[in-house]
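Using the sequences and the hints given, assemble the complete structure.
Okay, here's what each chain looks like letter by letter:
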Amino acid sequence: MDIPELHPRLESVLHEGWQGFRGEVWKRQIAVREFIRANHRPHFGDAAFLQGPSARTRRLWEAVAGLLRQERERGGVLAVSTETGSGITSHAPGYIRREDEVIVGLQTDAPLKRAIFPQGGLRMVEQSLAEYGFAPVPETIRNIFEHYRKSHNEGVFDVYDPEILACRRSGVITGLPDAYGRGRIIGDYRRVALYGVDALIAERRSLKGDTDGAEFTESVIREREEIAEQVKALEELKIMALAYGFDISKPAATAREAVQWLYFAYLGAAKEANGAATGIGRITAFLDIYIERDLRAGLISEAEAQELVDQLIIKCRIIRYLRTRDFDALYSGDPTWVTLSLAGMGTEGRPLVSKTCFRVLQSLYNLGLSPEPNLTILWSTRLPEGFKRFAAQVAIDTSAVQFENDDVMRPQEVGGVPLGDDYAIACCVSAMRVGRQMQFFGARANLAKALLYAINGGVDELTGVRVMPGLTPIKGDVLDYDEVMTRFGQVQDWLAGVYVRALNAIHYMHDKYAPERLMMALHDRDVLRTMAMGIAGLSIAADSLSAIRHARVKPVRNASGVAVDFEIEGDYPAYGNNDDAADRIAVELAEGFMARLRRHRFYRNAVPTQSVLTITSNVVYGKKTGATPCGRPAGQPFSPGANPTNGRDRNGWIAAGFSVAKIPYAAAQDGISWTASSTPGSLGKTPEERIVNLARCIDGFCNAKGFHINVNVLDRDTLLTAMEHPEEYPQLTIRVSGYAVNFIRLTREQQLDVIARTFHASC
Amino acid sequence: MPAADPEGARTGYVHSYETGGAVDGPGVRFVLFMNGCQMRCQYCHNPDTWKEKAGRLQTVAQTAADIGKYAPFLQVAGGLTISGGEPLLQAGFVGALARRVKAEHGLHVALDTNGAFAGRLPDRWFDPVDLVLLDLKHIDPGRHQALTATPLAPVLESAQRLARMGMPLWIRYVLVPGWTDDETHVERMADFVAHLPTVERVEVLPFHNMAAYKWEALAGSRYALADTPSPSREREAWVRARFAARGLETA
Numbered sequence: 013m014d015i016p017e018l019h020p021r022l023e024s025v026l027h028e029g030w031q032g033f034r035g036e037v038w039k040r041q042i043a044v045r046e047f048i049r050a051n052h053r054p055h056f057g058d059a060a061f062l063q064g065p066s067a068r069t070r071r072l073w074e075a076v077a078g079l080l081r082q083e084r085e086r087g088g089v090l091a092v093s094t095e096t097g098s099g100i101t102s103h104a105p106g107y108i109r110r111e112d113e114v115i116v117g118l119q120t121d122a123p124l125k126r127a128i129f130p131q132g133g134l135r136m137v138e139q140s141l142a143e144y145g146f147a148p149v150p151e152t153i154r155n156i157f158e159h160y161r162k163s164h165n166e167g168v169f170d171v172y173d174p175e176i177l178a179c180r181r182s183g184v185i186t187g188l189p190d191a192y193g194r195g196r197i198i199g200d201y202r203r204v205a206l207y208g209v210d211a212l213i214a215e216r217r218s219l220k221g222d223t224d225g226a227e228f229t230e231s232v233i234r235e236r237e238e239i240a241e242q243v244k245a246l247e248e249l250k251i252m253a254l255a256y257g258f259d260i261s262k263p264a265a266t267a268r269e270a271v272q273w274l275y276f277a278y279l280g281a282a283k284e285a286n287g288a289a290t291g292i293g294r295i296t297a298f299l300d301i302y303i304e305r306d307l308r309a310g311l312i313s314e315a316e317a318q319e320l321v322d323q324l325i326i327k328c329r330i331i332r333y334l335r336t337r338d339f340d341a342l343y344s345g346d347p348t349w350v351t352l353s354l355a356g357m358g359t360e361g362r363p364l365v366s367k368t369c370f371r372v373l374q375s376l377y378n379l380g381l382s383p384e385p386n387l388t389i390l391w392s393t394r395l396p397e398g399f400k401r402f403a404a405q406v407a408i409d410t411s412a413v414q415f416e417n418d419d420v421m422r423p424q425e426v427g428g429v430p431l432g433d434d435y436a437i438a439c440c441v442s443a444m445r446v447g448r449q450m451q452f453f454g455a456r457a458n459l460a461k462a463l464l465y466a467i468n469g470g471v472d473e474l475t476g477v478r479v480m481p482g483l484t485p486i487k488g489d490v491l492d493y494d495e496v497m498t499r500f501g502q503v504q505d506w507l508a509g510v511y512v513r514a515l516n517a518i519h520y521m522h523d524k525y526a527p528e529r530l531m532m533a534l535h536d537r538d539v540l541r542t543m544a545m546g547i548a549g550l551s552i553a554a555d556s557l558s559a560i561r562h563a564r565v566k567p568v569r570n571a572s573g574v575a576v577d578f579e580i581e582g583d584y585p586a587y588g589n590n591d592d593a594a595d596r597i598a599v600e601l602a603e604g605f606m607a608r609l610r611r612h613r614f615y616r617n618a619v620p621t622q623s624v625l626t627i628t629s630n631v632v633y634g635k636k637t638g639a640t641p642c643g644r645p646a647g648q649p650f651s652p653g654a655n656p657t658n659g660r661d662r663n664g665w666i667a668a669g670f671s672v673a674k675i676p677y678a679a680a681q682d683g684i685s686w687t688a689s690s691t692p693g694s695l696g697k698t699p700e701e702r703i704v705n706l707a708r709c710i711d712g713f714c715n716a717k718g719f720h721i722n723v724n725v726l727d728r729d730t731l732l733t734a735m736e737h738p739e740e741y742p743q744l745t746i747r748v749s750g751y752a753v754n755f756i757r758l759t760r761e762q763q764l765d766v767i768a769r770t771f772h773a774s775c
Numbered sequence: 002m003p004a005a006d007p008e009g010a011r012t013g014y015v016h017s018y019e020t021g022g023a024v025d026g027p028g029v030r031f032v033l034f035m036n037g038c039q040m041r042c043q044y045c046h047n048p049d050t051w052k053e054k055a056g057r058l059q060t061v062a063q064t065a066a067d068i069g070k071y072a073p074f075l076q077v078a079g080g081l082t083i084s085g086g087e088p089l090l091q092a093g094f095v096g097a098l099a100r101r102v103k104a105e106h107g108l109h110v111a112l113d114t115n116g117a118f119a120g121r122l123p124d125r126w127f128d129p130v131d132l133v134l135l136d137l138k139h140i141d142p143g144r145h146q147a148l149t150a151t152p153l154a155p156v157l158e159s160a161q162r163l164a165r166m167g168m169p170l171w172i173r174y175v176l177v178p179g180w181t182d183d184e185t186h187v188e189r190m191a192d193f194v195a196h197l198p199t200v201e202r203v204e205v206l207p208f209h210n211m212a213a214y215k216w217e218a219l220a221g222s223r224y225a226l227a228d229t230p231s232p233s234r235e236r237e238a239w240v241r242a243r244f245a246a247r248g249l250e251t252a
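Top line first, the protein sequences correspond to chains V and G. The first sequence begins at 13 in our numbering and counts up by one. The second sequence begins at 2 in our numbering and counts up by one.
Keep in mind the hints are simulated off the structure, nothing from the lab. This structure is a prediction, so every number in the text was calculated from the model and none was measured. Every residue, glycine too, gets a C-beta built ideally from N, C-alpha and C. One or more of the hints may lead you astray.
Counterexamples of contact, computed for chain G against chain V with all Cβ distances above 12 Å [as the list claims (entries may be wrong)]:
(1) P7
(2) R11
(3) P48
(4) E53
(5) K54
(6) F118
(7) G120
(8) F127
(9) G179
(10) T199
(11) G221
(12) R247
FRET-style restraints, in silico, Cβ to Cβ [stated by the list, open to error]:
(13) G/A227 x V/T698: 27 to 35 Å
(14) G/R57 x V/R86: 53 to 61 Å
(15) V/P692 x G/Q59: 28 to 36 Å
(16) V/E700 x G/R125: 32 to 40 Å
(17) G/A242 x V/D583: 47 to 55 Å
(18) V/G659 x G/D228: 30 to 38 Å
(19) V/G488 x G/A227: 45 to 53 Å
(20) V/T698 x G/L122: 31 to 39 Å
(21) V/T359 x G/A242: 46 to 54 Å
(22) G/R57 x V/H562: 17 to 25 Å
(23) G/R57 x V/A768: 27 to 35 Å
(24) V/G659 x G/R125: 41 to 49 Å
(25) V/E700 x G/A213: 30 to 38 Å
Set out below in structure tokens:
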């Protein structure tokens with residue numbers, strides 16, 4: 013039995029919160045999924061029951077909207093709490109408008125006031141403060157990290173080798189979480205609501221007891237220390253909640269408590285860990301059980317149920333971290349990826365669609381648009397029609413939700429275990445079983461640049477600096493496909509090695525110097541770890557290879573013999589047109605790089621996975637990459653994620669989607685991202701038709717094994733107007749490669765990139 | 002040796018295809034544009050498809066395979082629409098293609114036609130066709146001749162014949178200011194359509210001159226409507242209402 017038993021004496025005190033709940037297994041073990049299975053009631057109806065925002069919610073959101081405006085005017089950061097490092101109990105309670113807050117809790121003592129995380133790296137904190145015009149950290153904190161405590165960042169740079177540093181500098185590997193928190197860990201925050209913190213502490217203690225008297229090997233010592241730290245984190249969480257006036261040692265007894273307990277758990281985790289993506293998990297079916305119980309008992313009305321959800325969503329919208337300008341240039345729009353996953357099917361064939369899935373989507377109407385939380389709909393062709401319709405309607409109205417194929421993920425085995433029906437998405441497309449699986453997030457390797465290294469003998473095309481040792485450049489006037497492929501294979505072999513070394517170092521040090529104690533306290537002890545690698549520039553690399561194979565590509569070399577441009581004679585099939593001649597190259601690239609990664613050894617025996625995802629970093633990757641053999645000029649943005657190159661997909665967006673769907677999920681278990689943009693008219697003639705057609709499209713794409721689809725339904729004109737008059741579009745949201753962003757917070761470059769992207773169908 | 006496949010080997014001239022069409026039949030569709038048209042509609046927005054022996058000459062088997070690649074999508078999302086040009090100019094190819102796509106993938110098949118040649122085809126030719134998008138250009142014989150350079154009578158006969166066969170019809174009527182929007186003719190057209198029992202909906206399509214660039218590229222043709230405006234929303238609504246007044250569903 014891999015699920016540990018609860019301490020038997022605790023069972024009796026738990027009963028109060030559990031009245032009316034069915035099932036037995038989850039009462040004896042920490043097994044939230046079993047609780048959901050036993051108590052979930054699917055909603056097969058439509059959206060007619062939904063309610064608008066309460067007066068309290070309206071006032072609260074108005075206050076937040078005002079603060080968000082000030083934040084923008086202040087240059088992106090409203091305030092920073094520099095006097096103390098962030099921790100679960102570091103700050104006094106904070107409120108937005110206490111009298112209107114049904115759900116309470118802030119990261120610091122005031123809304124949108126950001127905390128600092130010096131244990132990640134003092135230099136980053138100081139740089140961020142300087143960049144946004146805030147006072148430096150006080151001497152006391154600097155003193156601690158200069159003389160007594162080491163940071164994650166310092167640890168990493170102590171062990172990096174010259175090749176890692178060279179790759180990092182040239183950008184052939186970009187976005188390594190060595191200067192910011194790794195994120196992408198989802199604590200099972202539901203556990204706190206269902207069991208209360210005391211039961212969780214008891215469980216941790218009993219786990220630690222398992223190795224009392226055992227041989228103290230390195231791994232046993234590490235585990236015992238980690239559990240001890242997790243217990244401390246849980247104790248701190250109780251104290252944090254008490255400061256807000258709540259005792260969360262016992263299970264939540266009402267819907268409001270369940271939302272509050274769960275949010276406290278999430279908040280504690282967000283206060284402790286400076287994660288790049290801090291998802292809240294898959295919470296709708298769980299919370300719905302509490303809401304339904306209270307509704308049946310007449311304790312709350314539907315309007316109050318909606319109020320609970322809206323207020324939780326407000327809190328998710330104002331999660332903030334202090335980042336450097338570099339980070340923002342890479343990811344843009346100040347993202348936090350508070351990903352909230354909803355819907356999907358149960359493995360026994362019942363939809364996990366509840367009324368609370370609808371309520372969460374309704375928040376986009378009640379509060380207006382927002383990129384956060386990153387609402388992620390786990391789509392199955394078997395979802396109830398009423399939900400499909402509503403989800404499609406929300407996508408058309410807001411462009412603020414994304415769809416991921418539950419039918420592909422549910423049976424997918426990661427590390428030998430199917431993802432099943434209680435996984436959630438972290439960040440954009442990274443699936444993990446909640447509380448049972450976590451990932452070591454790891455940036456991206458730039459395959460387009462790697463291809464240029466193959467052509468240029470390991471010399472960087474922009475700087476002329478040798479990055480990869482021991483390779484000679486390709487000679488000759490016309491590039492030969494076989495020769496390029498041989499070299500490219502060598503470069504990828506080398507690159508995979510450097511990349512894995514960097515990530516192993518990062519996660520070793522992250523565990524050591526910036527551990528996510530609370531998040532891990534809300535996981536099983538024997539957690540499955542994945543090492544989530546990634547590739548960028550897939551379409552550019554695939555098109556370039558297709559051009560070399562099917563057309564004549566002549567390198568234009570500079571005085572030092574580096575190919576800085578390419579002349580193409582003839583036509584070539586491009587990735588994105590559902591043409592195997594090009595698409596197969598993309599598939600082979602993804603599979604080939606994954607196979608190369610698998611040859612390596614991973615920290616903590618992590619299972620390697622990879623993503624084809626760039627979020628908004630496609631712009632920065634493109635900027636750092638010279639001209640490519642496909643005809644793309646130097647510096648031009650890559651297409652996002654697994655998208656075909658902008659403008660080269662000529663057979664419509666379904667063909668583009670089919671090309672993307674060919675990349676097998678098994679070779680990219682950390683997700684494959686596809687962003688499709690469409691004008692309203694091209695989805696159908698009437699609003700009703702558009703809704704039906706979009707739902708059918710998602711069904712069709714999922715039926716064809718497509719993994720992920722971001723849908724933007726926008727007029728190009730709207731975006732152009734928003735660029736010129738941002739003040740009129742404070743909440744305009746668009747989707748980019750797995751993530752929604754506030755359009756007006758993108759850099760001008762990124763805005764132009766979004767507009768340049770293929771808007772399929774124009775009439 | 003593969004079995005002989007005379008149907009699959011049949012060839013046709015294909016202009017192009019679009020994989021995400023949501024305005025040519027129900028759902029989201031694979032829209033196949035065939036080459037060739039006998040009409041010369043002054044408002045045509047695809048004049049580049051007029052030439053008969055142009056585009057790609059391809060076999061039924063190849064074309065069906067191209068469409069088949071999207072079958073898992075189209076089965077759920079919509080289906081196949083064969084358009085043009087005028088697909089019935091290549092009725093042999095189009096019929097064989099429709100039969101094959103229906104047999105192999107069970108797709109919903111719609112035919113977007115001006116109808117003039119439908120009368121020449123046997124009933125069984127239409128077996129794999131689930132829906133006809135019938136483009137009616139004008140109800141007055143003289144104006145029809147002037148607008149399309151072809152006679153009206155065969156079109157109306159085809160419409161009645163398809164209705165008698167029980168074929169579901171979506172009528173498409175392009176609203177061109179000064180040509181097709183006057184009260185008398187709209188009323189008469191609506192009367193005619195109302196007497197076709199299998200009409201499921203009437204699509205009133207406002208004229209737009211976005212095809213001007215296609216006309217410019219055509220040697221020897223003059224785009225007489227280059228300066229014609231799109232109809233006003235009020236006029237469009239009024240025309241729809243004429244059809245709706247006869248119990249027809251309009252879009």
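Hint by hint, here is what the structure shows:
1. P7: Holds: least Cβ distance 27 Å, greater than 12 Å.
2. R11: holds (24 Å)
3. P48: holds (16 Å)
4. E53: For G/E53, whose nearest Cβ neighbour in chain V is about 24 Å away, the distance exceeds 12 Å, so it holds.
5. K54: For G/K54, whose nearest Cβ neighbour in chain V is about 23 Å away, the distance exceeds 12 Å, so it holds.
6. F118: holds (27 Å)
7. G120: holds (30 Å)
8. F127: Given a closest Cβ separation of 25 Å, the condition holds.
9. G179: Non-interface label stands for G/G179: nearest chain V Cβ at 22 Å, farther than 12 Å.
10. T199: Given a closest Cβ separation of 21 Å, the condition holds.
11. G221: For G/G221, whose nearest Cβ neighbour in chain V is about 26 Å away, the distance exceeds 12 Å, so it holds.
12. R247: G/R247 clear of chain V: closest Cβ-Cβ about 20 Å, beyond 12 Å.
13. G/A227 x V/T698: 27 to 35 Å: At roughly 30 Å between Cβ atoms, V/T698 and G/A227 fall inside 27 to 35 Å, so the hint holds.
14. G/R57 x V/R86: 53 to 61 Å: Hint holds: Cβ distance 59 Å, inside 53 to 61 Å.
15. V/P692 x G/Q59: 28 to 36 Å: holds (34 Å)
16. V/E700 x G/R125: 32 to 40 Å: holds (35 Å)
17. G/A242 x V/D583: 47 to 55 Å: holds (50 Å)
18. V/G659 x G/D228: 30 to 38 Å: holds (31 Å)
19. V/G488 x G/A227: 45 to 53 Å: About 52 Å separates the Cβ atoms of V/G488 and G/A227, which means 45 to 53 Å holds.
20. V/T698 x G/L122: 31 to 39 Å: holds (33 Å)
21. V/T359 x G/A242: 46 to 54 Å: holds (52 Å)
22. G/R57 x V/H562: 17 to 25 Å: The hint (17 to 25 Å, Cβ to Cβ) holds, given that G/R57 and V/H562 are roughly 18 Å apart.
23. G/R57 x V/A768: 27 to 35 Å: holds (30 Å)
24. V/G659 x G/R125: 41 to 49 Å: Holds: the Cβ-Cβ distance is about 45 Å, inside 41 to 49 Å.
25. V/E700 x G/A213: 30 to 38 Å: At roughly 32 Å between Cβ atoms, G/A213 and V/E700 fall inside 30 to 38 Å, so the hint holds.
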